[in-house]
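Those sequence lines, one after another, are chains A and R. Using this note's numbering, read the first sequence as starting at 1 and increasing by one per residue. Using this note's numbering, read the second sequence as starting at 1 and increasing by one per residue.
Please keep in mind that the hints were generated in silico from the structure rather than gathered at the bench. Please note: incorrect hints may appear among the correct ones.
Think about it this way: if two alpha-carbon atoms lie no more than 27 Å apart in a straight line, the pair counts; the simulated BS3-like pairs of lysine-lysine are [claimed, not checked]:
hint: 1; chain 1: A; residue 1: K132; chain 2: R; residue 2: K471
hint: 2; chain 1: A; residue 1: K346; chain 2: A; residue 2: K416
hint: 3; chain 1: R; residue 1: K398; chain 2: A; residue 2: K395
hint: 4; chain 1: A; residue 1: K311; chain 2: A; residue 2: K81
hint: 5; chain 1: R; residue 1: K47; chain 2: A; residue 2: K243
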Amino acid sequence: MQSKTLQQIRHVTASALLVAGVGLAPLQVVADETCQSPYMAKIVGQEDFVYVWTLGVEGMGDGQDKLVTIDVNPKSPNYGKVVHTLSVGGRNEAHHSGFTDDRRFLWAGGLDTSKIFIFDVHSDPAKPKLVKVIDDFVAKSGGVVGPHTTYALPGRMMITGLSNNKDHGGRTALVEYTNDGDYVATHWMPTDENLRGAIKAGKYADGYGYDVRALPRRNVMVTSSFTGWSNYMMDFGKMLKDKEAMKRFGNTVVVWNLHTRKPKKVLDVPGAPLEIRCAWQPNHNWCVTTTALTSKIWLIYEDENGDWQAKAVADIGDPSKIPLPVDISITSDDSGLWVNTFMDGKSRYFDMTDPMHPKQIYERVIGRQVNMVSQSWDGKRAYYTSSLLANWDKKGEDNEQFFKAFEWNGKALEPKFAIDFYAEKLGRPHQMRFGAYSLYAKAPAENDQPARVAALTE
Amino acid sequence: MTWRLPLIALGLMATLAMADLEPLAPGYAALPYAIPQPGSYTLPPIKPAGDGVVIDAETGKPVSLHEVLGDRYALLAFFYSHCDDVNGCPLSMFVFHQLRARMAKDPELARNLRLVSLSFDPQRDTPEALRAYAASMAHTPMGSTQHQHHHHGHGGMGSDGGSWRFVTTSGEAALAPLLSAYGQELQRNLSAPGQGGGDISHVLRVFLIDPQKRIRNIYSVSFLHTDLILADLQTLLAEETGAQQGVADGTAARRVALGPGDSREGYEADDYQTRSRDLQQHRGRPADLLQFARRPPLGLPPLPAREGVELTPEKVALGRKLFFDRRLSLNNTISCAMCHVPDQGFTSNELATAVGIEGRSVRRNTPTVLNVAYLELLFHDGREDRLSQQIWGPLLAKNEMGNPAVGHLLNRIRGLPDYAGLFEEAFGEPLNMLNLGQALAAYQMTLNAADSPFDRWHFGGEEDAVPSEVKRGFALFTGKAGCSQCHRIEKDHALFTDQRLHNTGVGYPASVPSKKQTERVQLAPGVFVEVPLEVIDRVSEPQAADLGRYEVTEDPADRWKFRTPSLRNVALTAPYMHDGSLSTLREVVAFYNRGGQPNPLLDPAIHPLGLTEAEIDDLVAFLESLTGSNVATLVADAMAAPIGDPGGIDQ
């Protein structure tokens with residue numbers, strides 16, 4: 001019996017190799033793919049679609065938030081075109097979106113109304129369907145406002161809040177839902193009054209939230225901190241001149257025990273740390289974030305004693321000019337980091353091979369303003385959108401609203417195509433997520449190219 | 001670790017090492033991090049565990065999955081015997097092997113846990129095939145403990161008395177609802193087209209199910225590990241017996257504290273430290289509000305009868321419910337209390353000027369509603385004189401609560417089940433435009449806050465109620481500084497307002513050209529930059545100038561006139577002035593000491609005061625002595641108020 005088992009296993013291994021040979025990528029090269037949850041299937045080949053969660057603009061088109069589907073497969077007859085739009089009703093401050101772990105549904109949050117829109121993206125990846133709207137998030141969660149990141153955990157979604165229904169300030173919580181859209185639990189951010197078992201490592205424990213990422217192999221979850229409803233909904237210029245409002249930004253990163261959902265350590269990271277990306281490589285026990293106001297790259301890393309630390313490792317542009325770093329995107333091998341700076345419209349590429357000393361080696365102006373960047377698994381394609389927040393975007397002629405596709409050849413970004421979201425009466429494009437027929441073992445109806453196979457990961 | 005790596009894993013690891021393939025899942029080795037302390041955390045129920053008809057491989061008979069799961073905790077793994085991903089089904093087999101070995105050593109664990117492997121390949125995994133598969137699993141060498149316990153093998157499914165059950169289904173029709181219930185979507189791999197029963201792609205999930213058939217954890221490849229499962233199981237068992245350790249979040253405490261929950265005092269300095277309060281811990285305490293209207297605290301006169309609202313507990317309670325109901329705005333985001341925040345002095349300490357629906361800009365600072373029932377003129381420009389009417393301003397303003405019409409809002413409230421009968425009970429009639437305003441007025445008419453240290457000294461005759469600097473400040477306030485000309489103090493009470501409007505010049509500069517080139521912007525504690533206004537302008541909507549009273553009267557002489565606010569509780573209501581442009585009371589006193597902001601229509605009462613620094617200190621001390629003793633009670637009551645949100649009331 002023992003030998004039979006071993007024989008079976010050898011067969012299994014041989015099959016695994018074969019499968020790898022035909023396209024199943026090994027785990028360690030997992031790469032917007034590069035900002036997805038590690039629990040999720042990744043698109044390892046050419047993505048077919050980019051889903052753009054888009055803010056409605058009053059008086060433009062139908063004025064509503066919508067999910068815009070763009071065909072990005074060069075082999076498709078619709079390459080470079082908007083192939084589908086789906087209006088959801090209202091302006092909700094459409095912001096981020098994320099797939100469930102099985103990647104069949106896309107959850108897209110509204111920071112203003114706290115609604116979460118759940119789209120079926122697997123039945124027909126070219127035509128997402130709105131299947132559920134969670135409109136009682138605030139009541140269910142016990143007062144959390146502003147669902148931001150919708151991050152896949154096994155069978156569940158971890159949702160970061162930005163605010164609360166008591167004062168519209170920055171104190172908030174993480175909220176857990178099932179993939180079916182049912183509430184599970186609220187995990188409040190640690191505050192001075194109740195650190196919830198965490199250690200306050202420095203001067204701050206503000207209880208603010210923004211993004212979340214997990215590093216499962218270290219049993220670690222990391223959250224960052226932005227600001228409350230009053231600020232993220234406010235006219236940007238008005239806020240910059242409001243001395244009180246400018247005091248209400250997050251200055252912390254919290255390291256959590258992923259399994260127990262208990263905060264372990266509150267780290268000082270002053271100046272509104274926003275997006276978090278964790279390294280993919282098995283020995284890279286670090287995550288990276290950038291501070292929007294103080295314009296720095298911070299490394300959140302596990303030191304030789306197994307303790308988690310935060311360190312400012314690089315300036316982004318000239319911090320005194322407030323370039324406002326916004327979205328970031330890490331390469332699948334952790335060697336590079338795209339950092340977008342909203343105010344000067346630049347995308348900057350940092351060499352991260354020494355994560356303690358990142359160096360900017362390339363930059364390109366994408367537009368008069370730029371926010372999100374998403375890159376493909378292989379890093380060869382990068383997509384950009386322009387909108388930051390409805391009332392933070394530039395005004396007047398600087399208010400370009402676009403989706404732009406580029407190719408990255410390792411030296412320069414080469415433009416492929418662009419879509420003017422205002423000319424198309426669509427609105428303000430924000431977060432991008434990739435779709436592919438291969439994820440659902442489907443082929444596009446209009447051609448029968450071989451399906452590409454996705455890697456199933458953690 | 002006492003267990004030895006079984007051959008199944010050793011064989012795999014050797015092969016994989018040669019092949020340089022994917023790393024083995026953590027479940028195959030020692031946990032690379034500390035095992036969570038069982039009972040130190042909770043595992044909230046995730047969802048009901050789905051049921052369906054399965055075929056027990058042992059008997060070949062149909063049985064419900066719940067029956068197979070039994071009356072104990074269960075781990076349910078979907079698998080198929082031809083699975084060829086080392087970090088897929090074989091991992092769940094491996095971990096189940098380990099658990100079975102533990103169960104063999106630990107009778108209590110064996111009593112409390114069942115392992116269930118459910119095939120999602122009914123075509124190939126027939127009951128017969130599964131029996132054979134199970135037998136091969138059962139005899140995989142797992143270390144010496146296994147052999148000491150094979151007398152347990154009476155169940156026939158291996159050596160564990162049936163604690164590991166293999167089940168399959170009669171076919172795809174029976175399987176589909178189970179897959180759906182557990183979110184286990186499958187794909188037949190298209191890379192092998194035309195081959196029946198090709199590889200199945202699936203995301204490995206193992207479910208921990210409690211005896212009540214609720215899913216309590218869902219394990220993936222990255223943390224399907226024996227030690228974690230055992231820690232979770234012990235955590236759930238501890239929960240059953242109420243023996244959790246250190247789980248307490250302090251949520252039971254209903255604390256009350258004065259001052260903002262997110263104080264940023266001292267934020268300008270490098271050494272600023274947070275003193276954040278915990279939202280979850282401050283759930284308030286209801287109070288008898290009516291007492292503050294019937295017998296206003298020391299220092300306040302009887303309530304004026306202007307509103308014509310006879311206060312009752314029902315009206316006050318209804319008004320309080322409305323005041324905190326975010327559903328009173330077009331898109332359910334703004335209640336009265338979102339700007340008049342109780343623990344921020346019933347105003348907003350976090351904003352110079354308010355932010356309304358969809359983030360729209362409001363030009364003016366949120367005034368406090370404490371003692372608002374005494375005001376003869378409402379709004380900074382004094383355009384309203386009844387609270388019951390005033391509410392329609394913010395309710396209908398496009399940049400505040402955004403309701404498109406009176407009728408729309410009334411119909412909306414009529415449709416909310418939690419308001420059923422409340423207006424009838426309070427007013428003897430259904431909801432209408434008038435009684436909505438009266439209800440909100442009724443609550444606000446109770447928010448009377450006085451009996452401050454100043455009141456106890458000045459009106460109560462308690463000599464020790466205030467220190468000497470307050471007394472000196474009072475002398476300046478009523479003398480050299482001339483404050484009481486407008487912020488009036490009567491013989492037996494003080495409202496600290498003359499109920500009139502004045503031009504202090506605060507609004508003037510925004511109406512005339514400015515030479516200012518930069519704005520000093522704070523980025524973090526102790527971090528400031530000078531930002532060119534040209535940069536700020538690019539991200540700014542143009543802001544209309546604020547002409548104050550003129551906008552109501554269109555009388556040029558009324559330009560830049562604003563209502564004299566009461567100074568009661570002024571220490572709690574920063575920032576100051578109609579535009580929130582001054583952050584501290586000291587800045588306010590310094591502003592008046594300079595003689596306000598010169599402009600052609602400056603109020604004659606405003607002129608340079610020649611106060612010394614010590615005198616300014618005394619005046620500030622005086623202003624800080626005006627905080628009512630019952631504010632904490634009002635705040636605590638407000639924090640206990642239900643907050644209306646779509647889908648429910650968060651209490």
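Hint check results:
no. : hint               : verdict
1   : K132/A with K471/R : violated, 64 Å
2   : K346/A with K416/A : holds, 17 Å
3   : K398/R with K395/A : holds, 20 Å
4   : K311/A with K81/A  : violated, 42 Å
5   : K47/R with K243/A  : violated, 46 Å
Violated hints for the displayed structure, listed by number in ascending order: 1, 4 and 5.
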